[in-house]
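Peer 1: Chain by chain, the residues run as shown.
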Amino acid sequence: MRKAVGLILVLVVGISFWVVLKNVPFGHDKIGVGNHYIENAIQETGATNIVTSVVVSYRGLDTLGEVTVLFIAALGIGMVLFSVKKTSAKERQTSSMVVQTGTRILFPFIILFGIYIFVHGHLTPGGGFQGGAVIASGFLLTYLVWPELETKRERFGAAESLGGLVFVTIAILGLVFTGYFLGNFLPTGTQNHLFSAGIIPVIYIAIGIKVGSELAGIVADMIHKE
Amino acid sequence: MVVIQAVLILMMIVAGVATSMLKDLISAVIACAAVSLLASMLFYFLDAPDVAMAEAAIGAGLTTAVFVIAVRKTRSKEE
Amino acid sequence: MDLVANSMYYLGAGALILIGLYMVITKNNLIKIILGLSLVDTGTHVLLIAIGYVKGRTAPILTEELLESVGEAIPKVVDPIPQALVLTAIVIGVGVLALGLSLAIKVYEHNGTLDVRKIRGLKW
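Residue numbers (my numbering), protein chains in the order written: chain A, 6 to 231; chain B, 4 to 82; chain C, 53 to 176.
Honestly, the hints are just simulated from the structure, not real lab data.
Be careful, since some hints might not be right.
[What the hints assert, rightly or not] Label pairs and their in silico Cβ distance ranges:
hint	chain 1	residue 1	chain 2	residue 2	range
1	A	MET102	B	MET4	40 to 50 Å
2	C	GLU161	A	PRO113	30 to 40 Å
3	C	ILE77	A	GLU153	39 to 49 Å
4	C	GLU161	A	GLN98	16 to 26 Å
[What the hints assert, rightly or not] One side of the interface only, derived from the structure: several residues of chain B facing chain A at Cβ under 7 Å:
hint	residue
5	ILE33
6	PRO52
7	ASP53
8	MET56
9	ALA57
10	ALA60
11	ILE61
12	GLY64
13	ALA68
[Unchecked claim] Simulated pairs of lysine-lysine, DSS-like, Cα-Cα distance not exceeding 30 Å:
hint	chain 1	residue 1	chain 2	residue 2
14	C	LYS170	B	LYS26
15	C	LYS158	A	LYS8
16	A	LYS8	C	LYS170
17	A	LYS35	C	LYS128
18	C	LYS170	C	LYS79
The C-beta atom is built at its ideal place from N, Cα and C for all residues, glycine as well.
Only chain A is shown next, with the shape it has when bound in the complex (with noise of 0.2 Å):
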């Protein structure tokens, strides 16, 4: 019974889709909005990588929003496996040499990875989320290796909470200084260098720091409590 209904609604919305993708077609140009951002922003921000633009710069609000919603389930988890279980045996047993041992000499080249992506992210492909990403999964690794290390939940915490809280002042300065929420208030100084595109790359160390500390507490939070 649920299987026929579920093959009439699958049919059903397949035939709407139908319906509405084929007036568009796949590979000419229908950009709209996008053709101003292509021409105007390395005068108006700096940066060479478009996309980082966009999601800082031009729709900061956007990225504001993600990053409270981020926030929300980190919290909601947290509450939602709250008391601590006791580890058997069997899972605290740590893992063989050699595992002990890459993990031992990686994880620093990770962490550094992620630090490398986050901070370059206004000239390469990449940015504050794909190197938080990175940083969590680094952390992820040591979880598996030693099921008994904890590191201390408070830290986790602590370091998620003052990378909004810096995007947030900087966001507040740039009401201050220029009237506008989120306005570009720092130089945008020469294309290609590191110290380059206004406030694009302080705030993008501020969401990696805080996405990589995030991630990697969901993480933390899923292994050890219950």
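Since the structure of chain A is already known, use the hints to place chains B and C on it.
Peer 2: Same frame as chain A, but now just chains B and C:
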């Protein structure tokens, strides 16, 4: 070039069907990771390097890890 | 063959969305339902980026040779706006999935089973 993209799209659909039809939960989660990885390759062919990096790091890495932790904690049998 | 080459991305993304929707409606295990949600997410992201693609152009990063011609108002890059939206959507997707799985863990602790047919009878 078009042939490579067609093969990748076909593999992505096959992995999606495998997620639905596999009975063991861990195998279904691995098939979902395969869908994310093939989508990340398709993002590269569609000239979107930022999105490809984000999908590879988050979709094929962290989402799979979170699913495996949840399946291990519930210890539920197959569906 | 030309018709297939022009619409294969839309077909692939649409098929992924429909498979995910089918899994949400008809499966009995709670974790399979959440896997279906993840498939719907991935299919929507592929569809959005495929709509913003323009043939014969390159990625939206201004390299040296593109910087000379951008002053002539001829765009030679694909649309950057769907990429910015999908970047945000991917990160939100992982947050929502993690929260849903934590709730599933709590449901299993409370009821002892993850079968949706047995959980629905809530006793007031």
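Peer 1: Determine for every hint whether it applies to the structure shown.
Peer 2: Taking the hints in turn, this is what the structure says about them:
For MET102(A) paired with MET4(B), a C-beta distance near 46 Å keeps the hint of 40 to 50 Å intact. Between GLU161(C) and PRO113(A) the beta carbons are some 38 Å apart, a value that agrees with the proposed interval 30 to 40 Å. A hinted range of 39 to 49 Å for the beta carbons of ILE77(C) and GLU153(A) is consistent with their spacing of about 42 Å. Taking the beta carbon of each, GLU161(C) and GLN98(A) are about 24 Å apart, inside 16 to 26 Å as hinted.
For ILE33(B), the shortest C-beta to C-beta distance to chain A is roughly 16 Å, which exceeds 7 Å, and the interface hint is violated. Interface restraint check: PRO52(B) against chain A, minimum CB-CB distance 4 Å, threshold 7 Å, status holds. This hint holds: ASP53(B) has a C-beta 5 Å from the nearest C-beta of chain A, less than the 7 Å allowed. For the restraint placing MET56(B) at the interface with chain A, the shortest Cβ-Cβ distance is roughly 5 Å, inside the 7 Å limit, so the hint holds.
With a least beta-carbon distance of about 5 Å to chain A, the hint placing ALA57(B) at the interface is held under the 7 Å criterion. A least Cβ separation of about 4 Å between ALA60(B) and chain A falls short of the 7 Å threshold, and the interface hint therefore holds. With a least beta-carbon distance of about 5 Å to chain A, the hint placing ILE61(B) at the interface is held under the 7 Å criterion. Checking GLY64(B) against chain A: minimum C-beta separation of about 5 Å stays under 7 Å; hint holds.
Taken as an interface hint, ALA68(B) checks out: its beta carbon lies about 6 Å from the nearest beta carbon of chain A, inside 7 Å. Between LYS170(C) and LYS26(B) the CA atoms are separated by roughly 19 Å; this keeps the pair inside 30 Å, and the hint holds. Proximity of LYS158(C) to LYS8(A) is assessed by CA-CA distance (about 28 Å); at most 30 Å being required, the pair is judged to hold. A hinted pair counts as satisfied when its Cα atoms are at most 30 Å apart, and LYS8(A) with LYS170(C) qualifies at roughly 18 Å.
This hinted pair checks out: LYS35(A) and LYS128(C) have alpha carbons roughly 13 Å apart, not beyond 30 Å. The hinted pair formed by LYS170(C) and LYS79(C) meets the criterion: a straight-line CA distance of about 13 Å does not exceed 30 Å.
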